[in-house]
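Starting from the structure of chain F, add chain Y where the hints point.
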Amino acid sequence: MNERPETLRSGYRGYIGSRPVLGSRIPQHVQNLVIRDYAARSGLTFKLSATEYAMPHCYMMLEQVLAELPGLDGMIAYTLFMLPERRGRRQEIYRRILDTGACLHTAVEGLVLASEADIGRLEDIWSVQQALTHMAPVRF
Amino acid sequence: MTPSFDFLTAEERALGDRFRRDGFIVAPAEDRAALDAIRDLMVGLARHRLGMDEGAERPDPPGRLLDRIGDVVPVEELNAFRLAMIGGMNAQPWLRAAYFSVARRTLSAIVGSELCMQRRVNLSIQLPDDDSSLLPVHADTWSGDSPFEVVLWIPLVDCHGSKSMFLLPPGPNAELERNLHRFAARSVDEMFAAIEPDLTWMDVPYGHFLLFNQNLAHGNRVNREADARWSMNCRFKGVFTPYADKKLGEFFEPITLRPASRIGLDYEMPAGFHE
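Chains as they are written, first to last, in the UniProt record's numbering: chain F, 1 to 140; chain Y, 1 to 275.
Hints should not be assumed to be uniformly reliable.
Claimed, not checked - Label pairs and their calculated CB-CB ranges:
no., chain 1, residue 1, chain 2, residue 2, range
1, F, A114, Y, R178, 44 to 54 Å
2, Y, I195, F, D37, 35 to 45 Å
3, F, L132, Y, M269, 15 to 25 Å
These aren't lab readings, by the way, just hints derived from the structure by calculation. For glycine and all other residues, C-beta sits at the position ideal for the given N, C-alpha and C.
The following block holds chain F by itself, in its conformation from the complex (with noise of 0.2 Å):
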């Protein structure tokens, strides 16, 4: 991990999208909202939010934030759910964020990535949710 004065950088660009997470629409405005909330609670510095394109599988957005890292603390997703489906995406991502020496905030689950120990715990989230949206849906 590179480890950069704390003066280079600046706040945490907050992420959102304008696909449906996991079948839900969630509207672009309501994210932001979650973001702000959860960066006001965190004492983060929050950062006008990218929004990914609608296209399905299409990340430019993310890519450009990414892009961004080393001038910022970290990035704030509204969920995990919107990262990339494939898990070797998945890894790559969280590859470049923890060697630009940032973290990975996502806002509706409250979870970080701040260190190459949070892997495990997104990817078993992440790889469990994967295998129940193969099953037949459940009515209560």
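Chain Y only, in chain F's frame:
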């Protein structure tokens, strides 16, 4: 469908029968040291919050401060005090593992070996004669919990009578659910009055845990005992059972994934074939 109990041990079958018949199990803590550590943590947090750190002498038994918390925390400050306790206890990285160990074998018998656990343990404090912290009769499934969840309820003081909680047994509960729509225009108190004769009040002394079926109606009433109730609660469910509004990640987290499941979750079919 007739459940196949033939593969269960006698102990698992007995526990399962009891849970399905009564809707709950009260049993001694399976890891008493872990429970005592949790109670000591809460006493320490309370003393710190109340500025009692400097008084090194602790002549009373550890649970005495909890029982008598109403002497030093007025009702109007109770919720802020409770939230501070919840924040403090959940900040301890060992808390959830200790909490789980208090009923690990029973959870395995009732729920399964691959479990999800609620990410934040809850705390209730109910002062004597205080009506500000009541939980009216309800079933968790009525407000967004999956029927596959159970609640592990652990008192930090002796809980009995109105200092404890009530649960409607499965038989009367089935009748309540059949008739629930008849209460649509009536109050929750009327519902309570209708089911009161059938309620079971949980007698759970310190050193024990209560595991209950949260699909059954339950709640509490004004604590008419002399001392305060302190109880913690946390939900568990099978990792691969259906979720309702309490989602994986934001509310639940896998805690005991086994190797075969990890291997399965990691598995990818060979690709690259084309017609």
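Hint by hint, here is what the structure shows:
Look at F/A114 against Y/R178: about 51 Å separates their beta carbons, and that is inside 44 to 54 Å. Take Y/I195 and F/D37: their Cβ atoms lie about 38 Å apart, and the range 35 to 45 Å holds. For the pair F/L132 and Y/M269, the supplied restraint of 15 to 25 Å holds, since their beta-carbon distance comes to about 19 Å.
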